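With the hints as a guide, bring both chains together as one complex.
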Amino acid sequence: MSEATAITWSGKSEAMFEIMLGEVPEAMRGMFRGKLSAVIAQKAQGGPAAEDHVTAVVTEIVPEPFKSNILKKFKELGDFDIKVIDTIIEKHGTSQDKLMYILHDIQDEVGYLPVEALRAVCNKTGIHLSTIYNVATFYKTFKLTRPGSHHVKVCCGTACHLSDKNGLARQIEDKVNASPAVSMEKTLCMGCCDCSPAVEIDGRIYKGDEAKAKIATLA
Amino acid sequence: MKLQTAKDLNKAKEQGNKTLFPGKVRINVGMSTCCIAKGADMVLNALEYGLKSRAMDAEVAKVGCSGLCHMEPTIEIQQQGKPKIIYGNVKDQDVTRLLDAIASDTVVEDLAFARIDSEDHALVGEIKYQYGAEAGAYASVKPIGDIDFIKAQRKVLLRNAGSINPENIYEYIARGGYESLAKALAMNSEAIIKDVIDSGLRGRGGGGFPAGLKWKACREAAGAEKYIICNVSEGEPGIGMHRSFLESDPHSVLEGIIIGGYAIGASTAYVYIRDNYRLALKRFQKAVDDATELGLLGDNILGTSFGMTVKIKEGGGRFVCGEETALIACIEGRIGEPCQRPPFPVERGLFGKPTCINNVETWANVPVILAKGSAWFNSIGSAKSKGTKVLSLAGNIARAGMIEVAMGTSLKDVVYTIGGGVASGKKLKGIQTGGPSGGVIPANMDTLTVDYDALKGAGSMLGSGGMVIMDEDTDMVKVARYFTDFFVQESCGKCVPCREGVCRMCAMLDVIIAGRGTAHDLSLLQEMSEPIISAAACALGKTAPIPVLSSLKYFRDDYMAYIK
Ligand SMILES: Cc1cc2nc3c(=O)[nH]c(=O)nc-3n(C[C@H](O)[C@H](O)[C@H](O)COP(=O)(O)O)c2cc1C
Ligand code: FES
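One line per chain: the protein sequences are S and X, in this order. Residues 43 to 261, numbered by my numbering, are exactly what the first sequence covers, in order. Residues 6 to 569, numbered by my numbering, are exactly what the second sequence covers, in order.
Bound conformation, chain X alone (with noise of 0.2 Å):
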C-alpha cells in the first residue's frame, strides 16, 4: 500500500488502533537490548508458550526500553477498558501468576508498580485506557501520576517509548506520526526553517549549536546535491539512550529526517550507527523498510515530487568517529580523522556538498516543533536552552536508565527525585556530565539545572546528555587518568598536541597516583594544558585536558592527597 495523500493517514492510523486496542489483552513486552539483558527474552518465551498452552487470545507487542531500566524486564498488560498495569522485575516464573491474573481479571499486587488510567500524549493528547463501566478498577495499585520518578520528568521525545511496537510503523502512525511530514509537505521550506529556528531548538550533540540556524545555512549554501546526516555516534561513555532511541521509536527520528531533507533540499540521508548497535540498526533498518514501502520514502513521497533515500552506515568503533568532520571521513570509506574546520560541513561536508549533521535527538525533536508548533516548543525549558533532554543516568545512581526533563530542571531533581539519589546510601560526590569531554559537577553545586549555558559555565557540559553519579569514595584523579587514558586511546594521533600532550598528561597522572608527585606537578599539568586546548586540530584534543582542568579545580584535596 503506498500513502497518497495526507489523507491516507487516516487509513492507517486505523489500522495502527487495531493492534494498540485489539478488543482482546494487549501485552507489551520490553526488549531492548537493556531489557534482554536482564532476561526480558526469557520472559517473552514463557509468556507466548503459557499463551499457547492456554489458548489465551492476546496482542503481545515486543516494545522498546520505557525508562524503568532499573525494573526491568517490564511488561505492561492492557485488558480492554481497563487501566494499562506496569509490572516490574518479573521473572519467567512469574509468568503463571501474571496469566492467571489476566483470566481472572486481577493484578499481581507484589509485582504491579503502576497503574496509568489514561495518558497525556505529547502528540495526540490524551489516550484513554481506562473508559465506560468499569471505572475504578485495580485501585489498588498506585496510579503512574502519584510515582515522583514519573512525575518529575516530562515525555516529549520519549512519548512512545515502551507503548508501541518499534517494528510497526502503523502504530507509530496512530500516535499521530508522519502528521508532522505531511503538514510540512505543504508548507514552504523557508516556513519550515523559520519554525525551527523559532523554537530555538539546539544540536544535542554536545555543541548547543542553534539547529535552524545550522538548516538554514546549509539551505543556502551553493550546490544542487544536498546531503543530511544523522549522527548516532555515542561513543560517549556513560550513556546509551540514543540506542534505546532507535530501539524503542526509530520512525520519531526518520519523520524528522525526512522533514529536514525537505526543508534543506537534501535528497539523501546517511544514518550513521555506531557498531554494537545491532538491535537498534536493525529496527532502524526496518523502519527504512517500512516507511518505503508506504511511499513516506523514495520517491514521490505522500504523492508529492519530493522524494528521498535514507542509508544506514555501520560505523567502526572509534569515539572520534563522532565527531562531524570524522564522521563524514568514515562514510567516505576513509579513517576517521577529523579535517580542520572551515570550511563546515554545511558548506563542503560530505562527497564535497553542503551537508547537514545533527544528532538523533534533534532530529527527533524535529516532528514534534511541526505539530506542536515552535511556540508550544519555546515555552518549554529555561531562558537558552528550550525543549526536553532525554539523560542517561549511570554510576552509583538508586535508578539507573534513561530519563527524559524539560530543560532548566535542576541537577538535584535529576538525582534525588528521579535517580533516588546514590545507590550505596553514601554520600553524593560529584556527577560527571557531558562524557569525556565534559567534568566533574561537585554536589555542592547541584542546584545547576540542565541547561547548556549553565553546565557550560560550570566547567562541564551537557554533551549527549550522559550522568554519571559518583559517591563519596570515588577518588577523583583516577577518575581523571581514566579520561585521560581514554584519550590517549582515542586520539587519532593527527596532531601533535593532541598525540603527544594528552599522553605526557597521562604519564603525570601515574606519578601522582604512584605517590611520586610534587605540587609543582600540579601547575605542570595545568599549564600543560593550554597550548592542548589551543592548539589541537579538532574539538577532541580540545576538550582532552578537561576532566583534569575541572578536577583539579573542584577535587584538588584528591590531589594533595597523594602529594605530601
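Chain S with its partners taken away, still in its complex shape (with noise of 0.2 Å):
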C-alpha cells in the first residue's frame, strides 16, 4: 500500500489501476500492488499517471484472457472520478462504523457503487473488500448497477400493494423493462400511503394512474 500510495493519479487512471488489480487473485494483490504501480511509476517518469500508461501496462505485461477482460472493463469504465472517494474518506474516516457513510456519499456522487470504488474504499480504509462487499449488496439503498437516466421506485408496500388492484405494479414494470433509459425498483413503505398506489419517478412520489402518464412520457 505504502508503494502505491507514492503515485500521483490524473483522470481515470487509477479506477483503471484497481480494476487491473481485481483481475488478480486477492491473495496476490499485495504483491501486484507493489510491483505494477512501480512499473507505472516508472512510465510516468516523477508526473502523474495517465490512463495511457495504465492501458500500456496492461496490453505490455498482462497476459490472456485477463489482457482482454480488462480491457473491456476499461471500456465500460464509467465516467467518474476517483479522487470523490479520497474526499468523501476523508470527511468521514475510516474506521468501520463510518462505511455505510461513505457508501451512501459515494452513491450520491456517482449514482451507484462501481466495483472499482469499493475496491478504492478497501484500499484506502483497510476495511475487507468481502466486509464493503456484504454491507453493499445487504443493503437494498446501495445499487451495484448504474441505474438508468430515470429511476422509477415502486411502493410494495401493505396499502399500495393493496390498493393495485389494476396491476399497476406489472405494468409499469413491463414498461420499464421495454425502455432501457429507465430503472426500477420495488422497496418498503415509502411513508406516503395516503397516495396509494404510489410511485417515486426521479426523486418525487406520484399516485396510481398519474404515475403511469408519467412513465409514459420518460419512456
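Hints may be right or wrong, so weigh each one.
As the list claims (entries may be wrong) - Example chain S residues on the side facing chain X (calculated, C-beta under 10 Å, incomplete):
{"hint": "1", "residue": "137"}
{"hint": "2", "residue": "173"}
{"hint": "3", "residue": "182"}
{"hint": "4", "residue": "198"}
{"hint": "5", "residue": "202"}
{"hint": "6", "residue": "205"}
{"hint": "7", "residue": "230"}
{"hint": "8", "residue": "235"}
{"hint": "9", "residue": "249"}
No lab work stands behind these hints: they were computed from the structure. Since we're looking at a predicted model, the values are computed, not measured. Cβ coordinates follow ideal geometry from the N, Cα and C atoms, glycine included.
Dropping the structure here:
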C-alpha cells in the first residue's frame, strides 16, 4: 500500500489500476500492487500517472485472457473520478462505523457503487473488500449497477399492494423492461400511503395513474 | 447567538413570534413529502409568483403536514387579528382567487375547510388568532371545533405540525419549545427519570416497554460512556407518520433526546433515519445545526456543564434494521443482523457501551411530560396505556393520513368518525394493525381500543401505529401470503427457523391459493408456526407466523373457500 500511494493519479487512471488489480487473485494482490505501481511510476517519469500509462501496462505485461477482460472493463468504466472517494473518506474517516456513510456519499455522487469504487474504499480504509461487499449487498439502498437516466421506485408496502387492484406495478415493470433508459426497484412503504399505489419517479412521488402517465412520457 | 440561560429563551421566543404573528398576512403552505406528492410545490410556486407580481407583502411559511392528507395540498391563511382559514385541495390555478380574497379580506368559500378562531395548544395554552374589533369575521366558514375529524382527535405531539415552520427554531421556541429542556437542566437526573416513570410512558416502537424503566436501567448500568439512539427506522409497511413527524416538528424529537441524554448521562446520540426519507433527514439535520448554533446542543448547553452531540445515521432500506440489535450493528457499519439478547442494549449496546434505544415518538413525548407534569400525562389514556398515540390511517379509507388520538379511543371512532369509513362504500372487513408482525382485527371487534394490551389480547399489536383498512373484497389468504412473503424477503437469514420455516409457510400458502390445499395443510401451518415462534433468534422471526395465525383464527372462511 505504501508503494502505491507514492503515485499521483490523473483522470480515471486510478480506477483503471484498481480494475486491473481486480483480475488478480486476492492473495497475490498486495504483491502485484507494489510491482505494477512501480512500473507505472516509471512510465510516468515522476509526473502523474495517466490513463494511457495504465493501458500500456495492461497491453504489454498482462497475459491473455486477463488482458482482453481488463481492456473490456476499461471501456465500460464509468465517467466518475476516483478522487471523489478520497474526499469522501477524508471527510468521514476510515473506521468501520463510517463505512455506510462513505458508501451513501459515493452513491450520491456517482449514482451507484461501481466495483472499482468499492476496491478503492478497501484500499484506503483497510476494511476488507469482503466486508464492504457484504454491507453493499445487504442493504437494499445500495445499487451495484448503474441505474437508468430515469429511476422508478414502486412501493410494495401493504397499503399500496392492497390498493393496486389493476396491476399497476406489473404494467410499470413491463414498460420499464422495454425501455433501457428507465430502471426500476421495488421498495418498502415509502411513508406516503395516502398516495397509494405510490410510485416514485426521479425523486418525486406520484399516485397510481399519474405515475403511469408520467412513465409513458419517459420511455 | 448562544443562549446562556433559561431566560434567554424569552428573547428567542420574541423572534419566533415575529414570524408567527408577522403583522401582515401569514400563509402556511404544507410542504411535507405527502403534500409535495399532490402538487404542493406547484401551488407554492404559483403563490410566490402571484405575491411578487402583485407586490403583496406576506410571510410565506413552508410548514409540515397537518394531518389533512386527504385534502392536500392545504394552505392556511392568517390575516392579522382574524381567524385562520384552512383551505384544502388547492390547485395552482386557485391561487389567484386566494390572493384576491386576501386583498379584499374575504374567503374563498368553496375551498375553505375550516376556521380557527383560537387554538388550544398543548404547551402554551390558548393561542388567539381572532382578537380586537374583528370578532365574528368569516362566519360563513365552519369553525374547526365543529368538525368530527378534528374533534375526535387530541393533538399533543402534533401540536405544532402544520402550523410552524419546521426549519425555524425560533417558531418552535415561541410555542413553548426548549422550555422543558431548561426545566430539566435545573433538575437532577433521578427526578427526571422518576417523572418519566410516573407518567406511565411506554415505548411507541411496538413493544410498549415502559420508557422510564429503560432509562433507569441505562442510567444505572456500569460505564462512563453511554449512548442514546432514536429509532426512525419505520420499515413497517403502511405507515408514514414518523417521516411526517421529523418533517413537521423535528425540534420536538431533538428536545426529547437532549433531555434523555442529560437524564441518562449520555453525551452522544444517534438518530437512525431510514433511507428514502430524504426530506426528513434534511430537516432534522437543519434542526441539529440550528440547535447547535443557539447553544442548545454542543458543549455547555444553556450555560450548564452538560454537553451533547447528535449524529444522524442514514439507514439502508432493510426492515430488520428497526430491531434494536440490528440497528446497533448498522450504526457500527456492519450488516443488520440481530444478535441474541441478553445482554440487552442498556447493558451492552452500541460499541459495547450501555445504550438506550427509543422510538421517535417516545422521545417526542418527553418534553410534553416535563412541561405538563407526569400527573397530567398519566391522566390521558386508558388504564395501562397512557398519553396519546399518533396513528397512520391507510388502505381503503375515506380520509387517509396521520392522526393523533388519546390512548383508549375505540377503533370504531378511529375508522368511522375520524377516518370517514371505508372509501369504496363497501363493508369493513378488518383493520390491520402493527405492521406485518401484527394481525388483522375483524370488523366485528371494532369496539377494541387503541391500547397496547387490548390489541395484544386480540392477537395483534399496536406496533408503531399503522392501521390499514380493508374492505369486504379483501382476500385474507392473499394478505397473509403477502406478509409471509414480506418476511421471507426481509429475513436476514441468520437463524434456520426464520430463514427456512417462513419460506415453507409461504410455499404452503401458494399451494392453498392455487387451489391444491387440503384441510390438513391448515393444521400443518399452525403446527409449523410453533417452532418458529419459540426458536427464532429475534422478534422478526418470532412474529413472522402471526399474520397466518391471526387470519386462520379470524378469517378461516377465506381459507376454506380455497379448499374443496
Ligand atoms: C423486526 C423488527 C422491526 C422493528 N422495527 C421498528 C421500527 O421500525 N421502529 C421502531 O421504533 N421500533 C422498531 N422495532 C422495535 C425496536 O426493536 C425497539 O424495541 C424500539 O425501537 C424500542 O423503542 P421504544 O421502547 O421506544 O418502543 C422493531 C423490532 C423488530 C423485532
Ligand atoms: S404502503 Fe406504499 S407508501 Fe406506504
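For each hint, the structure was consulted:
About 8 Å separates the beta-carbon of residue 137 of chain S from the nearest beta-carbon of chain X, less than 10 Å, and the hint is met. The interface hint given for residue 173 of chain S is met, as the beta carbon of that residue sits about 8 Å from the closest beta carbon of chain X, less than 10 Å. With a cut of 10 Å, the hint placing residue 182 of chain S at the interface with chain X holds, because the nearest CB-to-CB distance is about 4 Å. Interface hint status for residue 198 of chain S: upheld, as the beta-carbon distance to the closest one in chain X is roughly 8 Å, under 10 Å.
Residue-level restraint check for residue 202 of chain S holds (minimum Cβ-Cβ distance to chain X is 8 Å; threshold 10 Å). Taking 10 Å as the C-beta cut-off, the interface hint given for residue 205 of chain S holds, the closest approach to chain X being about 7 Å. Taking 10 Å as the C-beta cut-off, the interface hint given for residue 230 of chain S holds, the closest approach to chain X being about 5 Å. Annotation: interface hint on residue 235 of chain S holds; nearest CB of chain X at approximately 3 Å, less than 10 Å.
Interface hint at residue 249 of chain S: satisfied, since its Cβ lies 7 Å from the closest Cβ of chain X, which is below the 10 Å cut-off.
The structure is consistent with each of the numbered hints, conforming to all of them.
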